[in-house]
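Participant: Each chain, written out:
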Amino acid sequence: MVDIKETLDVRGEVCPYPDVKSKRKVKKMNSGEVLQILVDYPLSAERIPETMKSLGHELLSVEKKGDAEWEILVKIK
Amino acid sequence: MELELFLLMLIPGLIVGFIFGFILQRGRFCMNSAFRDIILLKEYKLVKGVALAIGVQMIGFSILILAGAVTQNPKPFTVFGNIIGGFVFGIGMVLAAGCASGTTYRVGEGMVGSFVALIGLGLGAYMTKSGILSSTSTALKTTITDGDGNNLTVAGVATPIVMLIIGIVILGVFAYFHLLPALKNRKEAKESILDFSDMKTKIFKKSYPWWAAGTAIGILNCVAWLSSAAAGRNYPMGITAGWLGWLNFSVTADEAALNWLLFMVAGIILGAFIAALISKEFKLRIPKEGKTLLIQFAGGLIMGFGAVTAAGCNIGNLLSGVPMLSVGSLVTSVFIVLGCWLMAYLLFMRE
Numbered sequence: 026m027v028d029i030k031e032t033l034d035v036r037g038e039v040c041p042y043p044d045v046k047s048k049r050k051v052k053k054m055n056s057g058e059v060l061q062i063l064v065d066y067p068l069s070a071e072r073i074p075e076t077m078k079s080l081g082h083e084l085l086s087v088e089k090k091g092d093a094e095w096e097i098l099v100k101i102k
Numbered sequence: 028m029e030l031e032l033f034l035l036m037l038i039p040g041l042i043v044g045f046i047f048g049f050i051l052q053r054g055r056f057c058m059n060s061a062f063r064d065i066i067l068l069k070e071y072k073l074v075k076g077v078a079l080a081i082g083v084q085m086i087g088f089s090i091l092i093l094a095g096a097v098t099q100n101p102k103p104f105t106v107f108g109n110i111i112g113g114f115v116f117g118i119g120m121v122l123a124a125g126c127a128s129g130t131t132y133r134v135g136e137g138m139v140g141s142f143v144a145l146i147g148l149g150l151g152a153y154m155t156k157s158g159i160l161s162s163t164s165t166a167l168k169t170t171i172t173d174g175d176g177n178n179l180t181v182a183g184v185a186t187p188i189v190m191l192i193i194g195i196v197i198l199g200v201f202a203y204f205h206l207l208p209a210l211k212n213r214k215e216a217k218e219s220i221l222d223f224s225d226m227k228t229k230i231f232k233k234s235y236p237w238w239a240a241g242t243a244i245g246i247l248n249c250v251a252w253l254s255s256a257a258a259g260r261n262y263p264m265g266i267t268a269g270w271l272g273w274l275n276f277s278v279t280a281d282e283a284a285l286n287w288l289l290f291m292v293a294g295i296i297l298g299a300f301i302a303a304l305i306s307k308e309f310k311l312r313i314p315k316e317g318k319t320l321l322i323q324f325a326g327g328l329i330m331g332f333g334a335v336t337a338a339g340c341n342i343g344n345l346l347s348g349v350p351m352l353s354v355g356s357l358v359t360s361v362f363i364v365l366g367c368w369l370m371a372y373l374l375f376m377r378e
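Residue numbers (my numbering), protein chains in the order written: chain A, 26 to 102; chain B, 28 to 378.
Derived by calculation from the structure, the hints in this document are not laboratory data.
Every residue gets a Cβ at the ideal spot worked out from N, C-alpha and C, and that includes glycine.
Any given hint could be a false lead.
To be verified - Listing some non-contacts, in silico: residues in chain B with all C-beta distances to chain A over 12 Å: (1) I110; (2) A202; (3) L221; (4) T242; (5) L311; (6) K315; (7) M376.
As the list claims (entries may be wrong) - If you want a taste of the chain A side facing chain B, the calculated C-beta under 10 Å gives, among others: (8) I29; (9) L68; (10) S79; (11) D92.
Stated by the list, open to error - In silico EDC-like cross-links for lysine to aspartate or glutamate, where the CA-CA straight-line distance does not exceed 20 Å: (12) K211/B <-> D222/B; (13) K53/A <-> D92/A; (14) K315/B <-> E96/A; (15) K30/A <-> E83/A; (16) K52/A <-> D34/A; (17) K90/A <-> E31/A; (18) K232/B <-> D28/A; (19) K307/B <-> E96/A; (20) K90/A <-> D28/A; (21) K78/A <-> E31/A; (22) K75/B <-> E71/A; (23) K310/B <-> E94/A; (24) K232/B <-> E71/A; (25) K307/B <-> E71/A; (26) K232/B <-> E94/A; (27) K307/B <-> E94/A; (28) K233/B <-> E75/A; (29) K102/A <-> E58/A; (30) K89/A <-> E71/A; (31) K46/A <-> E83/A; (32) K72/B <-> E75/A; (33) K233/B <-> E215/B; (34) K310/B <-> E58/A; (35) K233/B <-> D92/A; (36) K102/A <-> E31/A.
Full structure from sequences and hints, please.
Facilitator: Now the structure itself:
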């Protein structure tokens, strides 16, 4: 079981806030901590994992939780 | 209206729109995202898809024109109409969180904010076309034509040939930088060059890669022009004029407001809805803050003004007009991108 340090719920946010808020959030977190991102916007659900990887963070999982709902787990580098 | 003409608008219009909506949803194909993400996320996939669609259309359109299947019909160059209309449209689409086509397909995904933005778009367009903003919009337009009174294109009489050449160059660049490396990778991994396995999942369940969405939209818009011309409207796809038409028709009940485009835009919502349903991505979603709805509505209104002033939105001008090398469409497109960048910078990039 992963120890989730913080949760960012961007469900209901419009494009591109899920991406912008995720980027801002990981900047404020410490190395080794795990962030859970909840998102309901398809484009961001695909783009956030890619952005996180390109920022050097470790993508732990992307899981579809239901209709238009995804959970993304990221470990901060 | 004759039944036969009505059916020519209704059925092919709905079918083309349905396929367009399906591709837009599966490809997450939104031009607001495409241009904004160049500066915001340094992400170029969607914009490459847009460029590829334009390249495919340059070849397709020029063949249709040279074969005499359609006649050239570039949009006018109205100087400040294109510059200000395009710039304002670009600002509006960032606020609305989607361009004209992006907003339309997201309605089918169940995004209530986009529905509100769409109402704003129709209303803004109507106010600009025939209401209180029409004098302002008209004052911005000084139409410049060539010596014979035709709308200006970059290459004049040679336009279809130049379109064909540029289209081939764009596809050549795509083949060299994307297709060949991709095929080489497959060869080295000992995969078959063409992979038709599991096509059902690829078409109905998975999201489309940028090159697939771009190619499909490019081909579809060629079919769209033929289908639209057969119903008496000599132009490929557009969006704003379609929603303007629905508003006009529902307020005046005037049959003359009906054309192919109205059924095409309705088809987009239907296609995106079915695509979202199949891939389990449909859900009614309401922005967390009420304020967001107001901003999206204002964004829609602003886009409506911009689209009518520039004689077309990101589909009428950028997707359909740029391949025809219309000077008006090219100028509008540049300013749509600049307006988008300014607003994206102001909203998202200042810490």
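Participant: K232/B and E94/A were given as a pair; does the straight-line alpha-carbon distance stay at or below 20 Å?
Facilitator: holds (15 Å)
Participant: Assess, step by step, whether the Cα of K310/B is no farther than 20 Å from the Cα of E58/A, and give holds or violated.
Facilitator: Violated, at about 31 Å.
Participant: Given the hinted pair K315/B and E96/A, is their alpha-carbon gap at most 20 Å?
Facilitator: holds (18 Å)
Participant: Please check whether the beta-carbon of T242/B is more than 12 Å away from every beta-carbon in chain A.
Facilitator: holds (19 Å)
Participant: Between K307/B and E94/A, is the straight-line Cα distance small enough, at 20 Å or below?
Facilitator: OK: K307/B and E94/A at ~9 Å, within 20 Å.
Participant: Between the alpha carbons of K78/A and E31/A, is the straight-line distance 20 Å or under?
Facilitator: At roughly 18 Å apart (the allowed maximum being 20 Å), E31/A and K78/A satisfy the hint.
Participant: Hint check: K53/A vs D92/A, CA-CA at most 20 Å. Holds or violated?
Facilitator: violated (30 Å)
Participant: Is K232/B close enough to D28/A, meaning Cα to Cα at most 20 Å?
Facilitator: Given that 20 Å is the threshold and the Cα spacing comes to 32 Å, the pair is violated.
Participant: Could you grab the alpha-carbon distance between K102/A and E58/A and see if it respects the 20 Å cut-off?
Facilitator: holds (8 Å)
Participant: Sort out whether D28/A lies within 20 Å of K90/A, counting only the CA atoms.
Facilitator: holds (19 Å)
Participant: Mind checking the CB of L68/A against every CB in chain B and telling me if the closest is under 10 Å?
Facilitator: Interface hint status for L68/A: holds (4 Å vs cutoff 10 Å).
Participant: Is it correct that the beta-carbon of L221/B has no partner in chain A closer than or equal to 12 Å?
Facilitator: Non-interface label on L221/B holds, nearest chain A Cβ at 25 Å vs cutoff 12 Å.
Taken one by one, the earlier hints fail for this structure at numbers 5, 6, 7, 8, 13, 18, 33, 34, listed in ascending order.
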